[in-house]
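Given next are the chains, with one letter for each unit.
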Amino acid sequence: MVLDLTMSMAILALMGALATIAGCLEDLESDVGSQSNPNSQVQLAPQMGFLHRIFNKAISGEPISNGMSAVIGGTATTVLLSQQFYPLTAIVIGAFFGAIVLGIFATTSYAGRVASQTRFKQPLYMDIMRYTTPSIIGHNFIMNFCLVAIAYIQFEILGYPFTIPFLALIWGISVGAIGSSVGDVHYGGEREFQNREFGCGLNTALSGRIVRKAESGLRNSIDNVWFCAKFGGPATGIALGLTVFFSSWPTTIFGYTWKAIGVGVFIVIVLTLMNRLVELNVRHAYGPYKEEKNEQEAKA
Amino acid sequence: MSDIKERSPNQLLLFGIIGGLLGIYLTYLLPFAGDKIGGNPAILLRTIAPTFGALGAICAVMWGADAVRRVAKYGLGTGVPSIGQIAMGMGIIAAMFGLAIVKTIVLAGPIVALVTASIIGFIIGWFAQHVIKMKIPVMIRCMTEIAASGTIIIIGFSAAVAGNFEFANIVTLVFDNGVILAVFWVGAVAMLHPFNACLGPDEKQKRLLYLAGSTGAITMAIIGIAAIMTLGTSGILTLFIGIILWIVFYKKFWDEVYHDASSVVGTGLIPKTEA
Chain A
1 MVLDLTMSMA ILALMGALAT IAGCLEDLES DVGSQSNPNS QVQLAPQMGF
51 LHRIFNKAIS GEPISNGMSA VIGGTATTVL LSQQFYPLTA IVIGAFFGAI
101 VLGIFATTSY AGRVASQTRF KQPLYMDIMR YTTPSIIGHN FIMNFCLVAI
151 AYIQFEILGY PFTIPFLALI WGISVGAIGS SVGDVHYGGE REFQNREFGC
201 GLNTALSGRI VRKAESGLRN SIDNVWFCAK FGGPATGIAL GLTVFFSSWP
251 TTIFGYTWKA IGVGVFIVIV LTLMNRLVEL NVRHAYGPYK EEKNEQEAKA
Chain B
301 MSDIKERSPN QLLLFGIIGG LLGIYLTYLL PFAGDKIGGN PAILLRTIAP
351 TFGALGAICA VMWGADAVRR VAKYGLGTGV PSIGQIAMGM GIIAAMFGLA
401 IVKTIVLAGP IVALVTASII GFIIGWFAQH VIKMKIPVMI RCMTEIAASG
451 TIIIIGFSAA VAGNFEFANI VTLVFDNGVI LAVFWVGAVA MLHPFNACLG
501 PDEKQKRLLY LAGSTGAITM AIIGIAAIMT LGTSGILTLF IGIILWIVFY
551 KKFWDEVYHD ASSVVGTGLI PKTEA
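Same order as they appear, the protein sequences are chains A and B.
With our numbering, letter number 295 in the first sequence gets 295, and the count goes up by one each step, no holes.
With our numbering, letter number 159 in the second sequence gets 459, and the count goes up by one each step, no holes.
Excised from the complex, chain A in its bound form (with noise of 0.2 Å):
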């Protein structure tokens, strides 16, 4: 289908936005289950001493169990459509059968996981589980919806060679990496760590000394998700939004063209520059980490 300027450009907007809420609502998904970066740290700490009230939702890398739930969506999607359906449910439908799978995944990971760890003497909750895993479900179904949302608009309107759960699934792994590089800076000294210094990078020794206790009560993935939606997840949103429109935008304006790789080149130099403005302003800010005198005596 070909489409004017004005149509392309709105088409590109919305693919814009539904990626931006993609992006964010995946990082809170795998906020809530404790998935990427914060996971080790879950497991290992009832090793340490320090049984806790976190869900840990080790389905794997943020990449794969996105890729899983998008492509399920996908595929789902696309059984329906050559159903007849009308395109809108079909991607309800199909994301929402995405969504139950991973929900399912993440039941067997919880579960498993605590399991594994009888020795330690961490208690399975239920509770944790039963509220927990309607919210990695309800937060991944959007997720779903937004990416095989682009993924329809990309074959049927613009035209793309590729297929439905192709395109879904390229979407999920890359909605998974960004997530995963942007979201967990964010996440960040994190909400499980935050009794370190910036920059210390975490020692050995405090391995899986996570902060286990809230503003009022015991601490659970639902605080953290609401840490997060705070910084976390809308960095993400904006990291793939910008993705999206930037990568979509020289192309939608020049058309196939040297001009418009150019632009993209152009794009790709600025952000660089941007990066390390911002790289250098922090360091001035913060300044290195300086080492603490006792540590110092344990070198000598």
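Hints were generated in silico from the structure; no laboratory data involved.
Any given hint could turn out to be false.
[Claimed, not checked] Below, in silico cross-link-like pairs of lysine-lysine (DSS-like), each with a Cα-Cα straight-line distance of 30 Å or less:
#1 A:K121 to B:K572
#2 B:K336 to A:K121
#3 B:K552 to A:K121
#4 B:K506 to A:K121
#5 A:K213 to B:K572
#6 A:K121 to A:K213
[Unchecked claim] Looking from chain B toward chain A, a few residues come up when the C-beta cut is under 7 Å (computed):
#7 I424
#8 N477
#9 C498
#10 E503
#11 I518
#12 A526
#13 V557
#14 T567
Positions of the beta carbon are idealized from the N, C-alpha and C atoms, including for glycine.
Please build the complex by placing chain B on the supplied structure of chain A, with the hints as guidance.
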């Protein structure tokens, strides 16, 4: 990792290969037998045949999950998802090669694919062991097994969507509509998830195998949904048997969790510990 081994590697290897190949071959032989008989039994056999491909693939998922468990026990925490992916990578190359190279003798396809996968797996395992020097004693054997089970998973689930394992058929019904990506990705997660989810010092093989059955059955249900598009009634059958098997294995997994976990509580505070 507990040292209790309910099922030896060789038992699971036989279970995976025999169960997997049996399921895959039944997708081809049942309609063939049906045509000889003719009439209503022919229609019935034609309808139920593709489901056996998915059942065979579940056998391979359980075998592959145990192979992942044996190799990943050597401290490959974050490497577990990568192993699932490499299994499917080796598996899909071998499967497509094996199915495509046999022109007239269709029945030889899965065997050729299995042998090819084993060779690729062996070479990659040998490289990991002797060139990269990973020093994991079971590396070569496990990589071979993982590649072989990956290829059975790919062929089994593809046959469940395409009706049989003829290459032309698979290209039209599995590749062109993108279902192969679901086979590839969900199959890989089905194989890597059991160990990843049960990782820990008190991991037990029985619980892991039930979980492998559960993930395999979920994949079967998804493949059933895809098969509704390509095969109609057979897909519905695959979907329902997949869901039933999932309920059975999921229940068994939870029974093991209740049995193994230190304590299962509805709610409550964190127990006091020494630390």
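Structure-based check of each hint:
Simply put, K121 (chain A) and K572 (chain B) have alpha-carbon atoms about 10 Å apart, close enough for the 30 Å limit, and the pair holds. Restraint check for K336 (chain B) and K121 (chain A): the C-alpha separation of about 62 Å exceeds 30 Å, so the hint is violated. Taken as a hint, the K552 (chain B) and K121 (chain A) pair is honoured in the structure, with Cα atoms around 22 Å apart against an allowance of 30 Å. As the CA atoms of K506 (chain B) and K121 (chain A) are separated by approximately 21 Å, the hinted pair is consistent with the 30 Å bound.
At roughly 14 Å between alpha-carbon atoms, K213 (chain A) and K572 (chain B) fall within 30 Å of each other, so this suggested pair holds. Between K121 (chain A) and K213 (chain A) the alpha-carbon distance is near 19 Å, which keeps this suggested pair within the 30 Å criterion. Below 7 Å, beta-carbon pairs count as interface contacts, and I424 (chain B) has none with chain A, the closest being about 20 Å; its hint is therefore violated. With its C-beta approaching chain A no nearer than about 6 Å, N477 (chain B) sits inside the 7 Å limit, and its interface hint holds.
Interface hint at C498 (chain B): satisfied, since its Cβ lies 4 Å from the closest Cβ of chain A, which is below the 7 Å cut-off. About 5 Å separates the beta-carbon of E503 (chain B) from the nearest beta-carbon of chain A, less than 7 Å, and the hint is met. Here the hint on I518 (chain B) is kept, as its CB sits about 6 Å from the closest CB of chain A, short of 7 Å. About 5 Å separates the beta-carbon of A526 (chain B) from the nearest beta-carbon of chain A, less than 7 Å, and the hint is met.
A hinted interface residue such as V557 (chain B) counts as satisfied when its beta carbon comes closer than 7 Å to some beta carbon of chain A; here the least separation is about 5 Å, so the hint holds. Interface hint status for T567 (chain B): upheld, as the beta-carbon distance to the closest one in chain A is roughly 4 Å, under 7 Å.
When the structure is compared with the earlier hints, violations turn up for hints 2 and 7 and for no others.
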